[in-house]
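I would like the entire structure built from these sequences, with the hints used as guidance.
There are 4 protein chains.
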Amino acid sequence: MGQRRSKKGREQAENELEWGPFDPTMKPIKDSVHDYIALDPVAEALIDTPSVQRLRNVKQLSTVRLVYPAANHTRFEHSLGVYHLADTAIEYLDVDADTADHLRAAALLHDVGHGPYGHQTEDVIHRRTGRDHDEVGWLLTDPDRPVCQALERLELDPERVATLIEGEGHIGALVSGELDVDRMDYLTRDAHHTGVPYGAIDHGRLVRELRLENGRLVLGEGNVATAESMLYSRALMNAVVYRHHVSRIAGAMLDRACERYLDRSDAEIGEFRRMADHDLLVALAEHVPALGQRLEHRDLYKRAVWTGIENVPPGTADVGYEEQRRAEHEIAEAAGIDPGDVIVDIPDRPRLKESSTSVVVDGVVQRLEDASELVRGIRMAERARWRLGVYCPEERTEQVGEAARDVLDLR
Amino acid sequence: MGQRRSKKGREQAENELEWGPFDPTMKPIKDSVHDYIALDPVAEALIDTPSVQRLRNVKQLSTVRLVYPAANHTRFEHSLGVYHLADTAIEYLDVDADTADHLRAAALLHDVGHGPYGHQTEDVIHRRTGRDHDEVGWLLTDPDRPVCQALERLELDPERVATLIEGEGHIGALVSGELDVDRMDYLTRDAHHTGVPYGAIDHGRLVRELRLENGRLVLGEGNVATAESMLYSRALMNAVVYRHHVSRIAGAMLDRACERYLDRSDAEIGEFRRMADHDLLVALAEHVPALGQRLEHRDLYKRAVWTGIENVPPGTADVGYEEQRRAEHEIAEAAGIDPGDVIVDIPDRPRLKESSTSVVVDGVVQRLEDASELVRGIRMAERARWRLGVYCPEERTEQVGEAARDVLDLR
Amino acid sequence: MGQRRSKKGREQAENELEWGPFDPTMKPIKDSVHDYIALDPVAEALIDTPSVQRLRNVKQLSTVRLVYPAANHTRFEHSLGVYHLADTAIEYLDVDADTADHLRAAALLHDVGHGPYGHQTEDVIHRRTGRDHDEVGWLLTDPDRPVCQALERLELDPERVATLIEGEGHIGALVSGELDVDRMDYLTRDAHHTGVPYGAIDHGRLVRELRLENGRLVLGEGNVATAESMLYSRALMNAVVYRHHVSRIAGAMLDRACERYLDRSDAEIGEFRRMADHDLLVALAEHVPALGQRLEHRDLYKRAVWTGIENVPPGTADVGYEEQRRAEHEIAEAAGIDPGDVIVDIPDRPRLKESSTSVVVDGVVQRLEDASELVRGIRMAERARWRLGVYCPEERTEQVGEAARDVLDLR
Amino acid sequence: MGQRRSKKGREQAENELEWGPFDPTMKPIKDSVHDYIALDPVAEALIDTPSVQRLRNVKQLSTVRLVYPAANHTRFEHSLGVYHLADTAIEYLDVDADTADHLRAAALLHDVGHGPYGHQTEDVIHRRTGRDHDEVGWLLTDPDRPVCQALERLELDPERVATLIEGEGHIGALVSGELDVDRMDYLTRDAHHTGVPYGAIDHGRLVRELRLENGRLVLGEGNVATAESMLYSRALMNAVVYRHHVSRIAGAMLDRACERYLDRSDAEIGEFRRMADHDLLVALAEHVPALGQRLEHRDLYKRAVWTGIENVPPGTADVGYEEQRRAEHEIAEAAGIDPGDVIVDIPDRPRLKESSTSVVVDGVVQRLEDASELVRGIRMAERARWRLGVYCPEERTEQVGEAARDVLDLR
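These protein sequences, in sequence, are chains U, H, Y and V.
The C-terminal position of the first sequence is numbered 411 in full-length UniProt numbering, with every residue numbered one higher than the one before it.
The C-terminal position of the second sequence is numbered 411 in full-length UniProt numbering, with every residue numbered one higher than the one before it.
The C-terminal position of the third sequence is numbered 411 in full-length UniProt numbering, with every residue numbered one higher than the one before it.
The C-terminal position of the fourth sequence is numbered 411 in full-length UniProt numbering, with every residue numbered one higher than the one before it.
A hint or two may mislead.
Unchecked claim - Chain H is faced by these chain U residues, among others (derived, beta-carbon under 10 Å):
#1 188
#2 196
#3 200
#4 228
#5 229
#6 270
#7 285
#8 321
#9 325
#10 367
#11 371
Quick caveat, the hints were computed from the structure, so don't treat them as lab data.
We put the CB at the ideal spot given by N, CA and C, even for glycine.
This is the structure we're talking about:
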């Protein structure tokens, strides 16, 4: 595989020769999903930065482990997996060596912008900074940070890497888009670690069937079923893993605990954002002891309300965070309990990014939703699984339920 | 697990005590899918009959192995798997010990009526006998056959076992119905052996969630996604495995070869039906050498036509075998080649038996297609994947294609 | 399986009936190794105690994750696995229902005595308390603790459970002994999560072949190879996982960091012992920042010495902790560096507890080392893999190596 | 991976471009063990020859499937696996493109010399032709055979390929030697299909750690445990799979049935050798009906004697076939039964070819048996598992056992 390494990598590795004449530059790491992952010198250098090492202590599925106890895998191993799949895909795509180097770096670094507990603190961070986890320019282009320095030593452009992570440009879609290697890895890895079979997509095939057609990333001819399988897998994993009610309750409790912690302590959001999971757990135990301890002992709130889209007034799914907080207060007041003990959890409407996947059918690039009858069915099924939840301590679910139905005008 | 064994089994095994005090009666067999399968004395006695041993030489996926080379598993190991899942399901169902014994026997014997190459010779046999492979009364109730004698020695009613295999009665649905353990095993096993991931259903959950409600076999509350997964898994396995065009071509060639063999030789259909795969392979090599050798060397016909439902005249999918044979002759004549060298392959309209699965939703038993928006989507996708095929030797595909489009009035 | 549940469990679960007539009392948990683990009411009650929930935050393999990035599994999921294997073994053993209940509780609770980072802090704790992690009487019999209260509510004897965890009594060997379900689970689970294949023992067979013969736990006839496989698997996992040099270096650094933390802070050992991994990580970052940060960023010491038993003076393997610390000081002085920057790591002589496993051969109970020629070979191989290590910051390995060879009188 | 393809392959594939710009020449096949196997044009051409297609109908483990019902995998899929591992190893070895092409061809063709039922008919064929299954010059260099013609069309030297299959030359050891990719594939594959875990070697690592040192194939530094694992895996698979007594009984019955078939029919040995499994099964059913039917219905002989090396007179393990046949006659006469109903089965002394594996230890190439204490232990364990067997119909085991102990002078 030696030829696909960039000149940079080659020179750097010239004196090591640990791995024989054809592939002298690769360091193998054992992964539980992809077996051996061979790191090129670029990856090897980046991996040693604090920004990447920190991901060892950020769990991939945050509160899902309270439902599936084996789901303790981290964003570090996931990042290695995404790097590996990007590396394989690049073999089959027509990109120059420099772009390939930037792509591999972007794949490895795509999650360094995550806060503690990954997606679970995304909203808190967004509300206070206006930034998403994949906006990582602040981190990668800061010359004081080791990761920026490492990129520059490797003669890679930090700005360009950051842009790829945001999915910009036709080839950024490989790292962040509806056909990205991110989801190929996480569906497979989350299935492996939860023990749930539904994430079993054919990533070996997907990654080999990617093509660039007129500057767009597409799946080659004969892959409608392959594309559908990814869509469907996500829908099933949503239903039984990602949006399991216990995980959503714990996630909502964590969100509220983080808000209170940031309100009460003198922690700044920038500092918060760079915490690892263990830092946050300890901080919550100290500053928000009631919720913190409930989370540590899995002594979770229960559902006072759990209801579908057909039972809520129009527009409810679009209600903002402030309005939800106000509703919590009203409900608490009506139920006669502490406002901190009620959580209203209204998820966004289900989107199915994968439905706009591009596939070649009879020589023409089509959107999956146009090529597959299935997409509409899955979209309807996703809609049918949407739930609004109101949670509170077990002994108050009855009063809170009643108050919530009144305040939120539920059927 | 001792208590779930019938009195019959217990007495017979009393003096063996190979397996300790709680479960003295079970013989373990190692399976590549379910790890250890414990055989109760009833299963152990039935397994030694020639009817079951023959299944060691009947492949589960017949011609699919010409596409997926590792798909060499047999109806014998599949039958053990179905027995095992039935046995587990019975633990969670409220059936008496005698019914349980009959069910386990039916699960183990459910495929003894298959001809050589399983489903691939179903049509030949049905055209000449009017019987399906799951009508096994002729075999199980024939007092001259060891399998009938074994059932009677075990104090089981052969007639009742045969009826269960046909799926009759509320509990027969466990063996043959839209929620049967047959499909739970084959989806999992076919995925394991082809290497295709899409058959990965959660059979561990399915089998524990079966209930009898008012005499109907249903999936308990909270299992819409579980039921959908089975439906979807079948749809994907159809697309990439069961109806792969190479497998369909080989299957159609086998069907024609069997017809010619039965026409030319003095073999009777009853004898044919009891052949194992190897007997048929040798018989074809002798009596139908041209097609026989092509099948052995994977020197298969190619597609002259491969077209979807939107391109065929109304009613085409319902055309009978005789009409297809006549079309073959017409096409061959028009193309100026030997009529034996053209095959017209028109599959039935796709049915989705699983869509009538019963699931409990909010305390009410519903049909899956009423409870799930997904079913319609899958049904449409299945329809979109329907293909009419016309096959012939590679060097004649052009002429035959042209003639076929004319004769069959295709767009 | 209903019959094997104790009366206690049955009564408690009478009104739930979630799982059908045969097994109304079992709650299923999805595990990545054993698929579904069914919890009986005893296990369900115990799992909710803080002592067991804490194990969610104690990693099974502590520093091994710095070598195998996917090895993030916890003592919580391992404890569920051990419970599950004990539960299966009990089906095949002749024990009364009350003993069975105590055994299952002991299996589930066997690791509650572990400090943060499990085995990695065992020595620190032992040096300061004189106690091993499996001495859990202090915890289980303390009436102020929820776990003790839960046991008593379940009418189980905390003292008896503690004794079983220490492996006492003929049947305690199932929980802690050379044939215990603990190692059956961890070999399999550690292999699954590291991605290393060598832990693949046949636990399905082992657990079904356990017998009580004259009050001793033995493997039944025909299992010499099964017993050998467990022994060999441990030897290989030792070589490539448990005693990987990177893991040993990180482990030694953690040990020293814990000592310093306990010396410097006002933390008591009792408090330390009840920490979870995240508490310790944060405490080290605060109180022992240099080592703490090195551990977090995987900026580890390197080997200055790494040498086998044949190169060390007789008796070296038996040298105590104090002597090792003295040697560190002498080496640091000779090399002219800070004494905190040198670690001498002298492991115990390899023991092979599994070699005294009892197996039935030709009707007679034998020790595995007498029944198998292999044991001696594995013992010799283990001895050949013993290594004394001296570690320090990368830039000082040369001087430290030289000094260490002198101080420790190495060849 | 494009660069490692030979010029021949490249030219041939120039117009296909099915697989994108980097790897236009590879055709993927789905395998249940290695996932996707990419065939280069050389492999693709060779696979279509009757000699390779025939391997679809030769089982890998012959009679083992009578013990492990899922062990129905074929020498075809195994040959693909060996090709794949050779292809991967070649990436890490310093061989020229032409040698690489010959090696890949040899890997794919290494089993074409096998008779029906593989190793099980090796002895019959050797006794009548004096040839082993890996002497394939007669087949590969015969210009009338398609496989020879294909090699020549591909500009490969059939003679050289045949030599590599026999393991000659330093690099032939990759195909046939103590470190060959043949055993790496079969240990893994046989474990996958039997469901037995012990074949789980780390083939991913083995294949990447092969080196050529002074013209010898060795495992690079740090791989003693990797080499031991292969040795140990073989020893365990021998014990529980390859030499399982039921498989040995069925194998001995097949051997005798073949002898009688060749004696009675006018089949020539050359013709016999080219049969596939199904041809042989049908031939035996016709010409040796008693044994043939017993094999088909798994109605096997039982053990009259089963005894270890310590109970047989010196030299017994070296007794030749003729002497064994004479002993059978004597035993039959003494027991008063038909001589065709007694089988004496004396296996060779156990050899452990793997023990001479070369590994680099501290920079020096050593034989594994010198570098590892384990080898002796495994050798002794193998010796302890050697068994002499005498088999006959179940109802005569007592008389035959008595007669055999007398005739063979057993303790």
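* Those earlier numbered hints the structure runs against, lowest number first -> 6, 7, 8, 9, 10
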